[in-house]
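Residue numbers (the working numbering), protein chains in the order written: chain U, 1 to 153; chain H, 1 to 153; chain Z, 1 to 153; chain X, 1 to 153.
I should point out that these hints are in silico values taken from the structure, not numbers from a laboratory.
Note that CB positions come from ideal geometry on N, CA and C, so glycine has one too.
Be aware that one or more of the hints could be misleading.
The calculated DMTMM-like cross-link candidates involving lysine to aspartate or glutamate, where the alpha carbons are at most 25 angstroms apart (straight line), are [as the list claims (entries may be wrong)]:
1. LYS106(H) <-> GLU39(H)
2. LYS106(U) <-> ASP137(H)
3. LYS106(H) <-> ASP86(U)
4. LYS123(Z) <-> ASP60(U)
5. LYS106(Z) <-> GLU39(X)
6. LYS123(H) <-> GLU39(X)
7. LYS106(H) <-> GLU88(U)
8. LYS59(U) <-> GLU35(Z)
9. LYS114(H) <-> GLU125(H)
10. LYS106(X) <-> GLU125(Z)
11. LYS123(U) <-> GLU125(Z)
12. LYS106(X) <-> GLU35(U)
13. LYS114(X) <-> GLU39(X)
14. LYS106(H) <-> GLU72(Z)
15. LYS106(Z) <-> GLU42(X)
16. LYS107(Z) <-> GLU125(X)
17. LYS108(U) <-> GLU88(U)
18. LYS59(U) <-> GLU35(H)
19. LYS108(U) <-> ASP137(H)
20. LYS107(H) <-> ASP137(H)
21. LYS123(H) <-> ASP74(X)
22. LYS59(H) <-> GLU35(X)
23. LYS107(U) <-> GLU35(H)
24. LYS43(H) <-> GLU125(H)
25. LYS108(X) <-> ASP60(Z)
26. LYS106(Z) <-> GLU72(Z)
27. LYS43(U) <-> GLU39(H)
28. LYS107(H) <-> GLU109(U)
29. LYS114(X) <-> ASP74(U)
30. LYS92(U) <-> ASP74(X)
31. LYS107(X) <-> GLU72(U)
32. LYS43(U) <-> GLU109(H)
33. LYS107(Z) <-> ASP60(Z)
34. LYS114(U) <-> ASP60(X)
Over the 10 angstroms line for every Cβ pair with chain X, so calculated as not near, a few chain H residues [stated by the list, open to error]:
35. ARG11
36. ASP19
37. LEU41
38. ASP60
39. PRO67
40. ILE69
Protein chains: 4
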Amino acid sequence: MHPSSWLCLNRSVRFGDTDPAGVIHFYQLFRWSHEAWEESLEKYGILSSDVFPKAINYKDNPPIALPIIHCEADYRSPIKTGDNLDIELIPKRINPGSFQVVFEFKKKESFVAKALLRHLSIKAETNQRCILPEGIDRWLEASSIDGVIASID
Amino acid sequence: MHPSSWLCLNRSVRFGDTDPAGVIHFYQLFRWSHEAWEESLEKYGILSSDVFPKAINYKDNPPIALPIIHCEADYRSPIKTGDNLDIELIPKRINPGSFQVVFEFKKKESFVAKALLRHLSIKAETNQRCILPEGIDRWLEASSIDGVIASID
Amino acid sequence: MHPSSWLCLNRSVRFGDTDPAGVIHFYQLFRWSHEAWEESLEKYGILSSDVFPKAINYKDNPPIALPIIHCEADYRSPIKTGDNLDIELIPKRINPGSFQVVFEFKKKESFVAKALLRHLSIKAETNQRCILPEGIDRWLEASSIDGVIASID
Amino acid sequence: MHPSSWLCLNRSVRFGDTDPAGVIHFYQLFRWSHEAWEESLEKYGILSSDVFPKAINYKDNPPIALPIIHCEADYRSPIKTGDNLDIELIPKRINPGSFQVVFEFKKKESFVAKALLRHLSIKAETNQRCILPEGIDRWLEASSIDGVIASID
Numbered sequence: 001m002h003p004s005s006w007l008c009l010n011r012s013v014r015f016g017d018t019d020p021a022g023v024i025h026f027y028q029l030f031r032w033s034h035e036a037w038e039e040s041l042e043k044y045g046i047l048s049s050d051v052f053p054k055a056i057n058y059k060d061n062p063p064i065a066l067p068i069i070h071c072e073a074d075y076r077s078p079i080k081t082g083d084n085l086d087i088e089l090i091p092k093r094i095n096p097g098s099f100q101v102v103f104e105f106k107k108k109e110s111f112v113a114k115a116l117l118r119h120l121s122i123k124a125e126t127n128q129r130c131i132l133p134e135g136i137d138r139w140l141e142a143s144s145i146d147g148v149i150a151s152i153d
Numbered sequence: 001m002h003p004s005s006w007l008c009l010n011r012s013v014r015f016g017d018t019d020p021a022g023v024i025h026f027y028q029l030f031r032w033s034h035e036a037w038e039e040s041l042e043k044y045g046i047l048s049s050d051v052f053p054k055a056i057n058y059k060d061n062p063p064i065a066l067p068i069i070h071c072e073a074d075y076r077s078p079i080k081t082g083d084n085l086d087i088e089l090i091p092k093r094i095n096p097g098s099f100q101v102v103f104e105f106k107k108k109e110s111f112v113a114k115a116l117l118r119h120l121s122i123k124a125e126t127n128q129r130c131i132l133p134e135g136i137d138r139w140l141e142a143s144s145i146d147g148v149i150a151s152i153d
Numbered sequence: 001m002h003p004s005s006w007l008c009l010n011r012s013v014r015f016g017d018t019d020p021a022g023v024i025h026f027y028q029l030f031r032w033s034h035e036a037w038e039e040s041l042e043k044y045g046i047l048s049s050d051v052f053p054k055a056i057n058y059k060d061n062p063p064i065a066l067p068i069i070h071c072e073a074d075y076r077s078p079i080k081t082g083d084n085l086d087i088e089l090i091p092k093r094i095n096p097g098s099f100q101v102v103f104e105f106k107k108k109e110s111f112v113a114k115a116l117l118r119h120l121s122i123k124a125e126t127n128q129r130c131i132l133p134e135g136i137d138r139w140l141e142a143s144s145i146d147g148v149i150a151s152i153d
Numbered sequence: 001m002h003p004s005s006w007l008c009l010n011r012s013v014r015f016g017d018t019d020p021a022g023v024i025h026f027y028q029l030f031r032w033s034h035e036a037w038e039e040s041l042e043k044y045g046i047l048s049s050d051v052f053p054k055a056i057n058y059k060d061n062p063p064i065a066l067p068i069i070h071c072e073a074d075y076r077s078p079i080k081t082g083d084n085l086d087i088e089l090i091p092k093r094i095n096p097g098s099f100q101v102v103f104e105f106k107k108k109e110s111f112v113a114k115a116l117l118r119h120l121s122i123k124a125e126t127n128q129r130c131i132l133p134e135g136i137d138r139w140l141e142a143s144s145i146d147g148v149i150a151s152i153d
């Protein structure tokens, strides 16, 4: 699979995402970003139950959790109900136990907003730092512009 | 277009839709229902700016508003992160100034939940009751099992 | 404690609760209702960790879960940013294994909206029906207009 | 009024704010921050209708909008259902047409998370930059540790 198949996503802005100012209510950008990350993992071939606790088909919860320790967003142009947004994901391994994803939101090639989510890898039971889960590592490797592309199929 | 192209939709359950009980947090079903209604109108060919205030490309806000006056939901089986849900919309005109949509959520043919949204048609400026907007009427007509199918293309 | 101390609550409507129609986005009423129920239990004296999984100070998750199986809402008058709402809770035991709470929302004595949440009691491990947890039973008893009032302090 | 009466707020973490990891779902921190800002303005004495479009008692929408152009958050310790959080607001005027607010979240004196919202002042009709509205300026002045305290009563 070509990385763009899991790093170039799309979504429509819905009425409930916006507020009386007629634009998205600011923190919705973070919800869209997290959902884009989940969709990216899914398209790449990672099972929800390998990453998230209490997902479908889980026998035991994943031993590793990936809490977000930092996030930020910049808003360049108004985003309105009915807008169709292209979302480009730019994942990056920071070190063996943490990674970040930048999400660039565009409307017809024009940049409208950007978000960044930074995750840490911890043992779910003890909250101790640990290395990234194997599936996330493969997704990061495959998503890297410079790295060797390993795919799941 | 065949009605199923705008009345049979689909969505994936995301991590942020669920709570520590490991299932969707109950009111998310209503958010999914409203978004499914918006997607249905969009697929049928109604512009967001004809229905919703402050949508893209609006010159003036629509003269008619469609507030929800009643809604309800029933939850049959657990819905979890990673679930893929088929959503069947069953719209129905109640009278010239009000309509409802039932949303049936299924997981692989198995019924998991149902929601109903009931809307009233009012003049946006005065809040007075009025007849349904023309586009909504056409969508209701086209979506009716018994009615004549009129499509926009 | 007098029942009104945990059955008569209050909240302010915030900007992000509303949409471009200038009124609350409909499903927010359900979020407010669930939060009012949690606040009621807290004021009555029930610990979060006795009712909800993964709450503060939990050693083990509660053995009984209380999924919502049905909910509904009626919207009478517009609710806007800055509105201050009085919320009256009317809990009722339906049978030994289920209960409901009606939430009446008023603005200066004037009824604006109503919601109903209906819960079932199930064993968290097996999903089997069971009787209501003891704390919930005491809260229902104490909240009943006709019943004997038992309080926790 | 003493600044702490509008700069030191408090909230309880509710079940629907959290996710299956048993902690707040990250972007809820931004919702709490915006609501704390609204509560701060309200306690200081600014009317909702002077700041937010379509608020109660509005005759005309405010001529000036205050879109968020940047926001960020850092998460230090887990925040769980039932936690009671103290929120300290630290507002700061950046220049005559923009300001930011830092929100420090603490659990019994212990720092758990922090958020920052940065706003720009624009003419609502034209989207052109302009100076901050008078009410916001007074709130910023009164909230400043070094500045002259002007209060509304």
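Cross-check of the supplied hints:
1. As the CA atoms of LYS106(H) and GLU39(H) are separated by approximately 18 angstroms, the hinted pair is consistent with the 25 angstroms bound.
2. With a C-alpha separation of about 34 angstroms, the suggested pairing of LYS106(U) with ASP137(H) is violated against the 25 angstroms cut-off.
3. A C-alpha spacing of about 28 angstroms is found between LYS106(H) and ASP86(U), which places the hinted pair above 25 angstroms, so the restraint is violated.
4. For a cut-off of 25 angstroms, the pair hint linking LYS123(Z) to ASP60(U) stands: about 19 angstroms separates their Cα positions.
5. A distance of roughly 20 angstroms separates the Cα atoms of LYS106(Z) and GLU39(X); the hinted pair therefore holds under the 25 angstroms criterion.
6. Between LYS123(H) and GLU39(X) the CA atoms are separated by roughly 32 angstroms; this puts the pair beyond 25 angstroms, and the hint is violated.
7. This hinted pair does not check out: LYS106(H) and GLU88(U) have alpha carbons roughly 31 angstroms apart, beyond 25 angstroms.
8. For the suggested pair LYS59(U) and GLU35(Z), the alpha carbons sit about 31 angstroms apart, so the restraint of at most 25 angstroms is broken.
9. Distance restraint check for LYS114(H) and GLU125(H): the Cα-Cα separation of roughly 33 angstroms exceeds the 25 angstroms cut-off, and the hinted pair is therefore not satisfied.
10. Between LYS106(X) and GLU125(Z), the direct Cα distance comes to roughly 34 angstroms. Violation of the 25 angstroms bound is thereby established for this hinted pair.
11. For the given pair, LYS123(U) sits about 24 angstroms from GLU125(Z) by alpha-carbon distance, which is consistent with the 25 angstroms threshold.
12. With a C-alpha separation of about 28 angstroms, the suggested pair LYS106(X) and GLU35(U) falls outside the 25 angstroms cut-off, and the hint is violated.
13. Our distance criterion of 25 angstroms between C-alpha atoms is met by LYS114(X) and GLU39(X), whose separation comes to about 18 angstroms.
14. Proximity of LYS106(H) to GLU72(Z) is assessed by CA-CA distance (about 20 angstroms); at most 25 angstroms being required, the pair is judged to hold.
15. For the hint linking LYS106(Z) to GLU42(X), the alpha-carbon distance of about 20 angstroms falls within 25 angstroms, and the restraint holds.
16. Note on LYS107(Z) and GLU125(X): the hinted pairing is violated, with a Cα-Cα distance of about 32 angstroms set against a maximum of 25 angstroms.
17. The hinted pair formed by LYS108(U) and GLU88(U) meets the criterion: a straight-line CA distance of about 13 angstroms does not exceed 25 angstroms.
18. Proximity of LYS59(U) to GLU35(H) is assessed by CA-CA distance (about 32 angstroms); at most 25 angstroms being required, the pair is judged violated.
19. For the given pair, LYS108(U) sits about 31 angstroms from ASP137(H) by alpha-carbon distance, which is inconsistent with the 25 angstroms threshold.
20. For the suggested pair LYS107(H) and ASP137(H), the alpha carbons sit about 30 angstroms apart, so the restraint of at most 25 angstroms is broken.
21. In summary, the hint linking LYS123(H) to ASP74(X) is not supported, as the alpha carbons are separated by about 45 angstroms, beyond the 25 angstroms threshold.
22. For the hint pairing LYS59(H) with GLU35(X), the CA-to-CA distance comes to about 31 angstroms; that exceeds 25 angstroms, so the pair is violated.
23. Taken as a hint, the LYS107(U) and GLU35(H) pair is honoured in the structure, with Cα atoms around 20 angstroms apart against an allowance of 25 angstroms.
24. Under the criterion of a C-alpha separation no larger than 25 angstroms, the hint pairing LYS43(H) with GLU125(H) is inconsistent with the structure, at around 28 angstroms.
25. A hinted pair counts as satisfied when its Cα atoms are at most 25 angstroms apart, and LYS108(X) with ASP60(Z) qualifies at roughly 23 angstroms.
26. The suggested pairing of LYS106(Z) with GLU72(Z) holds, with an alpha-carbon distance near 17 angstroms, which does not exceed 25 angstroms.
27. A hinted pair counts as satisfied when its Cα atoms are at most 25 angstroms apart, and LYS43(U) with GLU39(H) qualifies at roughly 22 angstroms.
28. Simply put, LYS107(H) and GLU109(U) have alpha-carbon atoms about 36 angstroms apart, too far for the 25 angstroms limit, and the pair is violated.
29. For a cut-off of 25 angstroms, the pair hint linking LYS114(X) to ASP74(U) stands: about 17 angstroms separates their Cα positions.
30. Between LYS92(U) and ASP74(X) the alpha-carbon distance is near 19 angstroms, which keeps this suggested pair within the 25 angstroms criterion.
31. As the CA atoms of LYS107(X) and GLU72(U) are separated by approximately 23 angstroms, the hinted pair is consistent with the 25 angstroms bound.
32. Pair hint LYS43(U) plus GLU109(H) holds up; C-alpha atoms about 23 angstroms apart against a cutoff of 25 angstroms.
33. Simply put, LYS107(Z) and ASP60(Z) have alpha-carbon atoms about 41 angstroms apart, too far for the 25 angstroms limit, and the pair is violated.
34. At most 25 angstroms may separate the alpha-carbon atoms for a hinted pair to count; LYS114(U) and ASP60(X) exceed this at roughly 32 angstroms.
35. Once the 10 angstroms rule is applied to beta carbons, ARG11(H) is consistent with being away from chain X; the minimum gap is 18 angstroms.
36. For ASP19(H), the condition that its CB be more than 10 angstroms from all CB atoms of chain X is violated, with the nearest at approximately 6 angstroms.
37. Every beta carbon of chain X lies more than 10 angstroms from that of LEU41(H), the smallest distance being close to 23 angstroms; the non-interface claim holds.
38. Separation of ASP60(H) from chain X is adequate, the least Cβ-Cβ distance of about 14 angstroms exceeding the 10 angstroms criterion.
39. Listed as a non-interface residue, PRO67(H) keeps its Cβ farther than 10 angstroms from every Cβ of chain X; the least gap is roughly 14 angstroms.
40. With a least beta-carbon separation of about 19 angstroms from chain X, ILE69(H) lies farther than 10 angstroms from that chain, consistent with its non-interface assignment.
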